[in-house]
Amino acid sequence: MAHVEHDVISGQNTTGHEWDGIKELNTPLPKWWVYVFWACVIWSIGYWVAMPTWPTTSDFSRGMLGYSSRAELDKDLVSQKQARSQWLTKLEAASVEDIAKDKTLLNYALAGGKIAFGENCSACHGSGGVGVAGAYPRLADDEWIWGGTLEDIHQTIQYGVRNENGESRQSEMLAFGTGDVLDKTQVDQLADYVLSLSSKTPAAGSPGAAIFEERCTACHGEGGVGTKELGAPALNNNIWLFKGDKESAKQGIVNQVTKPRHGSMPAWAGRLDAATIKMLTVYVHSLGGGK
Amino acid sequence: MSVFKHHAKLETNVFLLAVGILLTVITGGLVEIVPLFTIESTIEKVEGVRPYTPLELAGRNIYVREGCYLCHSQMVRPFKDEVERYGHYSLAAESKYDHPFQWGSKRTGPDLARVGSKYTNDWHTRHLVNPRDVVPESVMPGYPHLMRPLSFNDAAAHLKTLRIVNVPYTDDQIANAKADLAEQVKSDASEAFLARYPGARVGDFDGDPSKLTEMDAVVAYLQILGTMVDFTAVKPESIRR
Chain A
1 MAHVEHDVIS
11 GQNTTGHEWD
21 GIKELNTPLP
31 KWWVYVFWAC
41 VIWSIGYWVA
51 MPTWPTTSDF
61 SRGMLGYSSR
71 AELDKDLVSQ
81 KQARSQWLTK
91 LEAASVEDIA
101 KDKTLLNYAL
111 AGGKIAFGEN
121 CSACHGSGGV
131 GVAGAYPRLA
141 DDEWIWGGTL
151 EDIHQTIQYG
161 VRNENGESRQ
171 SEMLAFGTGD
181 VLDKTQVDQL
191 ADYVLSLSSK
201 TPAAGSPGAA
211 IFEERCTACH
221 GEGGVGTKEL
231 GAPALNNNIW
241 LFKGDKESAK
251 QGIVNQVTKP
261 RHGSMPAWAG
271 RLDAATIKML
281 TVYVHSLGGG
291 K
Chain B
1001 MSVFKHHAKL
1011 ETNVFLLAVG
1021 ILLTVITGGL
1031 VEIVPLFTIE
1041 STIEKVEGVR
1051 PYTPLELAGR
1061 NIYVREGCYL
1071 CHSQMVRPFK
1081 DEVERYGHYS
1091 LAAESKYDHP
1101 FQWGSKRTGP
1111 DLARVGSKYT
1121 NDWHTRHLVN
1131 PRDVVPESVM
1141 PGYPHLMRPL
1151 SFNDAAAHLK
1161 TLRIVNVPYT
1171 DDQIANAKAD
1181 LAEQVKSDAS
1191 EAFLARYPGA
1201 RVGDFDGDPS
1211 KLTEMDAVVA
1221 YLQILGTMVD
1231 FTAVKPESIR
1241 R
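Residue numbers (the working numbering), protein chains in the order written: chain A, 1 to 291; chain B, 1001 to 1241.
Hints were generated in silico from the structure; no laboratory data involved. By construction, the Cβ of each residue, glycine as well, lies at the ideal position given by its N, Cα and C atoms. Be careful, since some hints might not be right.
Unchecked claim - Only some residues are given here: those of chain B computed to face chain A with a beta carbon under 8 Å: (1) PHE1079; (2) LYS1096; (3) TYR1097; (4) ASP1098; (5) ARG1126; (6) ARG1241.
What the hints assert, rightly or not - Cross-link-like lysine-lysine pairs, in silico, DSS-like; alpha carbons within 30 Å at most: (7) LYS81/A with LYS1235/B; (8) LYS90/A with LYS75/A; (9) LYS1080/B with LYS90/A; (10) LYS23/A with LYS1005/B; (11) LYS250/A with LYS1211/B; (12) LYS1178/B with LYS81/A; (13) LYS90/A with LYS31/A; (14) LYS114/A with LYS1080/B; (15) LYS259/A with LYS1186/B; (16) LYS1211/B with LYS246/A; (17) LYS1186/B with LYS75/A; (18) LYS103/A with LYS1080/B; (19) LYS81/A with LYS1045/B; (20) LYS1005/B with LYS1045/B; (21) LYS1211/B with LYS75/A; (22) LYS1009/B with LYS90/A; (23) LYS75/A with LYS1160/B; (24) LYS114/A with LYS103/A; (25) LYS103/A with LYS81/A; (26) LYS259/A with LYS246/A; (27) LYS184/A with LYS90/A; (28) LYS75/A with LYS31/A; (29) LYS75/A with LYS1009/B; (30) LYS1235/B with LYS1211/B; (31) LYS1005/B with LYS31/A; (32) LYS1096/B with LYS259/A; (33) LYS1106/B with LYS114/A; (34) LYS1178/B with LYS75/A; (35) LYS75/A with LYS101/A; (36) LYS1235/B with LYS243/A; (37) LYS184/A with LYS1211/B; (38) LYS1211/B with LYS243/A; (39) LYS23/A with LYS1009/B; (40) LYS31/A with LYS1235/B.
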């Protein structure tokens, strides 16, 4: 069937296939390709011996070089820690206040804090700490719910707010408007008064003022200045944590008095190392007028 | 060379070629796959990995249904940069009860292998309803339909099916599957439930305690991811491969 011919022009034989007078040359593979191919085959035999390759019945061949990707990683992490140790040891030893005072250490911590913030904190608090209206507090301002000193921020980041961690910040606002504590009119009067607190002229002497005095000052303080230890936000400014975009400030207050919402934040101690948490602390403190 | 002449015979005979291919694939399978059934070191011996609770499992099924794996991997690889960003590299043991595993191969979004406990339930719910509400630059689609009620009459059947592929669900767990699913969203979940599923997060997950929704299930699942193994108690040498 096949008739192999010698092609004079190329010096090669044909495969013997012919279609309408067109014949196919049987050109051999280039020499360099064949050599590389066989070199790879020989290399692979060496690789079997040197590296972990073959499965056995209950284990696998470890290879003479004893390579392990996880052991390599452990080595990498050790050398990375060494490379950073000049700063890490200082960060671990220093208090957050000391870090803030030492200019070179502070610069290092701010740079590291920014990166850690992007990965861990910005999901809720937004890039650069702008927060989410009606949900998560803005960090880029000088209003702090649980305190804005370095020590306060450090504590909050380590243990979080209202989570399972035993050290986490805890407090609960009572649902004044749902039970028989305050009726609808009283809630309305109270909301009017709370709203007036953030203006220059609080409506002293109004019915709402009396309710506020009786029910709210224990946590939110006289004149609604807030109490950091209880996480009771200041009410004498125009910063509202749980006011949605579409509702008025007054509606937001009514909602919170009727059916209080409570923010929660995870504890980061354990997930992040101590040095990273300190870097985050000074970074967050730097965002917008930490106290 | 005579060997290549035989090769021509193989290539020009469809039947011989099919047999040849079959033999090659079988050999490859025997060498590469079968040993995994007997190699004891494939799955690291670590404490803490338990089968999913019925609610977490329902969430996992929704995760698969919605194709989350198309954009999110669940595999922190043993590289310095990944470990620094996501946490400890993933172990085979951590997905030993996953059928099918959700390691994935594409990261349009971040890896989720260690997302459990990283954010609050509230954040997950908001983010799933409309990611741009919390992360303005996000390209993830919203899943507001997850706020619909979860249908879970088949809770026990899912556990039973997984037991066929060696997930060690007990008779007790299967018998109580449906009740346990509803129990997990109660903040005062029973001791019996917690004994069956140690370390399970309980309480409302989606911010609406009046309804048991698909969101409850998905968030319960996300919050357990990568949290079962306590790595402070694991010796690095014991899991090196």
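*Measure nothing beyond the straight line between the CA atoms of LYS184/A and LYS1211/B; if it is 30 Å or shorter, mark the hint as holding.*
holds, 27 Å
*Taking the least C-beta to C-beta distance, is ASP1098/B closer than 8 Å to chain A?*
violated, 20 Å
*asked:* Please verify whether LYS103/A and LYS1080/B have alpha carbons no more than 30 Å apart.
replied: Given that 30 Å is the threshold and the Cα spacing comes to 29 Å, the pair holds.
*Distance restraint between LYS81/A and LYS1045/B, which requires alpha-carbon spacing of 30 Å or less*: holds, 27 Å
*asked:* For a C-alpha distance cap of 30 Å, please report whether LYS1211/B and LYS243/A respect it.
replied: holds, 24 Å
*Would you settle whether the hint for ARG1126/B is holds or violated, based on the nearest Cβ-Cβ distance to chain A being less than 8 Å?*
The hint holds - ARG1126/B has a Cβ within 8 Å of chain A, the shortest such distance being about 6 Å.
*TYR1097/B as an interface hint toward chain A, with CB separation required under 8 Å*: For TYR1097/B, the interface hint is violated, since the closest Cβ of chain A sits about 22 Å away, which is over 8 Å.
*asked:* Checking one constraint from the list: CA of LYS1005/B to CA of LYS31/A, max 30 Å. Satisfied?
replied: Since the Cα atoms of LYS1005/B and LYS31/A sit roughly 20 Å apart, the hinted pair holds (cutoff 30 Å).
*Satisfaction of hint between LYS243/A and LYS1235/B, Cα-Cα up to 30 Å*: violated, 48 Å
*asked:* Quick check on the hint: LYS1096/B CB to chain A CB, less than 8 Å?
replied: violated, 17 Å
*Hey, LYS1211/B versus LYS75/A, does the alpha-carbon distance stay inside 30 Å?*
violated, 50 Å
*asked:* Next pair to validate is LYS75/A with LYS101/A; report whether the Cα-Cα distance is within 30 Å.
replied: violated, 34 Å
This entry does not satisfy hints 2, 3, 4, 12, 13, 17, 20, 21, 22, 23, 27, 28, 29, 30, 32, 34, 35, 36 and 40, going by the numbered hints stated previously.
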